[in-house]
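*Asks:* Start from chain A and add chain B according to the hints.
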Amino acid sequence: MQLTLWTYEGPPHIGAMRVATAMRGLHYVLHAPQGDTYADLLFTMIERRDRRPPVTYTTFRAEDLGRDTAALFKQAVADAYDRFRPEAIIVGASCTAELIQDDPGGLARALDLPVPVIGLELPAYQKKENWGASETLYRLVRALSGARRERAADRRLCNILGPTALGFRHRDDLVEVRRILDALGLRVNVVAPLGASPADLGRLPDAAFNVVLYPEIGRAAAQYLERALGQPFCEIPPIGVGATKDFIAAVAALAGVDSAPALDAPDSRLPWYARSVDSTYLTDKRVFVFGDAAHAVALARVAAREIGFRVVGLGTYERGFAREVRAAARDHGIEALVADDYLDVEAAIQAAAPDLVLGTQMERHVAKRLGIPCAVISAPAHVQDYPARHAPLMGFEGANVLFDTLVHPLMMGLEEHLLGLFREDREFHADAAPSHLGSHAVAHRPQGEGARSGSSPQAETVVASPSEGGGKAAATATTSSIWAPDAERELKKIPFFVRGKARTNTETFARERAIPLITLETLYDAKAHFSR
Amino acid sequence: MNAPVRPESCGIDFARERGQRAVFCGLTGIVWLHRKIQDAFFLVVGSRTCAHLIQSAAGVMIFAEPRFATAILDERDLAGLADAEDELDRVVERLIARRPDIRLLFLVGSCPSEVIKLDLSRAALRLSRRLAPVRVLSYSGSGIETTFTEGEDACLAALVPELAEAAPGEAGLLVAGALGDVVEDQFGRLFADLGIPVRFLPGRSAGAMPALAPGQPFLLAQPFLAGTARALEARGLRHLPAPFPLGEAGTTGWLRAAADAFGVSSEHFEAVTAPGRRRAATALAPHRARLAGRRVFFFPDSQLEVPLARFLSGELGAAIVEVGTPYLHRGHLAHEIAALPAGTRVVEGQSLDDQMDRARVARPDLTVCGLGLANPLEAEGLATKWSIELLFTPVQGYEQAGDLAELFARPLRRRERLEV
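Chains as they are written, first to last, in UniProt numbering: chain A, 1 to 532; chain B, 1 to 420.
Treat the hints as calculated values from the structure; they're not laboratory data.
Built from N, CA and C at the ideal position, the CB exists for glycine as well.
Pairwise CB distance ranges, derived in the manner of DEER restraints:
1. E416/B / D68/A: 46 to 52 Å
2. R90/B / G371/A: 30 to 36 Å
3. D103/A / L418/B: 46 to 52 Å
4. Q223/A / P161/B: 53 to 59 Å
5. A199/A / E416/B: 38 to 44 Å
6. P275/B / K493/A: 56 to 62 Å
7. A199/A / E65/B: 46 to 52 Å
8. A192/B / D50/A: 46 to 52 Å
9. H329/B / A147/A: 56 to 62 Å
10. Q75/A / L125/B: 39 to 45 Å
11. D50/A / A271/B: 50 to 56 Å
12. Q350/A / S205/B: 28 to 34 Å
13. G371/A / L95/B: 24 to 30 Å
14. G256/A / R417/B: 52 to 58 Å
Sample of chain A residues lacking proximity to chain B, with all beta carbon distances greater than 10 Å (derived):
15. E87
16. A110
17. A143
18. A152
19. L157
20. D206
21. R269
22. S276
23. Y281
24. R305
25. G320
26. R323
27. Q350
28. P495
29. G500
30. E507
Output of the computed footprint for chain B on chain A, the stretches with three or more beta carbons under 8 Å from beta carbons of chain B:
31. 6–14
32. 42–48
33. 92–103
One chain only, chain A, in its complex shape (with noise of 0.2 Å):
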């Protein structure tokens, strides 16, 4: 048993419907105990999909598990195909259904239907919801893709194999990918699962090789057909200037054809911005990054290598691809963190005192309760975050989403220097709050709280932890005893965005040393004992 507050990933059942969902003309019937229907809103709501998945539970209830659960799921296979004529169905059970052993592909297979039944084996005590999508497509791909063409295929045509429903920006990527392949010359045969019917899936053999666009689902379908058909596969996310053009590279030496066509880009803009002297307060800025294992590393090698900033934590909750991770963080010379514990990422953030975080929408809260600039960049993601405008992150467009992304969060150049110059100012005094964080009082009350009793004042201030407000004041109390009057004086003249690094600083150093009292001295020395 593991206590669990918050978990990054759903069950595996939620990956196999992000496939069902992403495709068209496939219908899914999952065993499931009523309730488990709540995944529908994940995508009427977060992703906004105008119709229900095309999903049939089969919603047994206690009164059913003394009758025939089986005769029950096959009669709600034998209705979903009546009513929704699929070209082929996929069938599984979720977490419970697996409790009471029915066997849903064997059940469904007996019915002997005119179309594919494709039993899905997810084994939801031990994985998890990207290898449930993963799975699933695999599957799919296994089942439905059919033999090697005689002919040899066109060498420009190929396959594009991940995007899904409910994925982090998925839509947008798309279109970026697209517009490279253009750009070479290619042509897209079938994408997949986002858009594909099955029979377009039956169609796959017909491209020269794939493009595996989010490894943690379309991996183990390009490896199947590599396998199966020959296909060679390019897995390179391309995120980043950098990731772009060594995708560009990968594609156009898999399509034999010439890269320069989609590396002459116009539109790339990253390269500038972060060369322009206001990027210079960039520089060496931490940054700590987590989320799933292909985002946060592509995006590691951006903040570094792009922006300029100090990696600082790199870690993911895939655990299945934490080699990967590894590599990456040992090339910006840290130790990877592969947790799904938020509370383990919380105190590795902590640990790291970044200036900005890079996460996913649980990292944004941690980062909200701790007063640090954050970016979303990975699933799992809230619904502002599947958002209405062109919101790429891959492709030359996507480095330009990322450039603004990175760096809104933090100030400005100019604003930062700016505040230094006046910080005797009144209106950035040494207590006022950094503006471009919000006021502290809104931010650590939960937003859009809707619960019946969050209308008294009675909860509200419950709810308002103690964490931020009240709890710095009491830590300032406490430490500011070993703190002489006019060190602590010259402390506030430091602009807010470092004192509180100052602060610590000051104090680690003093404690290593034994000074029992921190005078202008003791900070002063501090600081040039830490300077960078």
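*Replies:* Structure of chain B alone, referenced to chain A:
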């Protein structure tokens, strides 16, 4: 899948339906219950799906050091390799060590824990002894046994046997059902003005739970408390039949049931309730113009559907196409059923696709449904009101009657407003 419609004597056109049900499970009740009982913690014993559900339902609330969590079962627990009891004890002890402010711990059963027959009631007894003064109780919020609000029913029913015994005559009125604090305070003032001593279940903390006495009358504030009412009756309490306090008429009928039981004179009752009734009528009037004659369709969700249909038709002049409800308690809803227009179609249970077909054919002006259906139906051109908000928003009592009407009027106004 439709069961044959049985002729009913109570004036409603009643049907029972079986099939796919698009509803929440009882675990969802934790999302509002943990806010009501301020020193309680809800530990779900279940799967990753359960944790994912609560996370999805609780939205961003999950980050405010919430007082709920999931002990996720893994392979070792299922294979019997790990002694489930020892594992649970370990998890609970770690939890209590982390949160020393917790006074009441609920072990909440889920589908997986029920199917593998993990005995949580015994675990609760064992842990209660070990962790005193923390009290540990258990109930099931599983989807196989409970639908959405029935989780609150199961939770309160688990509390009832634990409540202290009050001296007969000292107990006054008991109001059962978690209400928003602001609503509870309003009702507290009204009962005080009527001269009726009152306690609310649940109390706002483990130490503030009401004591019970045989013969004590109780009112249900919510229609989904069948099990809680049974548990209260088992302790000798007496249910006061009443409509539910939604809208002006519902609130007046609800208060009157208590006033009658405590022998409050009708003059005094009129005097105490007149200001509230007047304010509710004022607040409802503008909404009546918008909702009168509008055709409303309810998908099953919370068991609030029948009282809401009564409110919409009786106080706002809406026409009711179909009232879906996950479960229909004839006894507790007798007043509500009697107040529905004769022949109103009430469907207990659900066969989702068939019901969606009926809604498409009927093309109601407003469809009340869950978030899984709302956007898809909007995309088909039907105006919807997502039903979960009715549980998370204070809607009971005189002062909220206008707010309740506004919840239904707003989607219609919005549809008229938008030009693109």
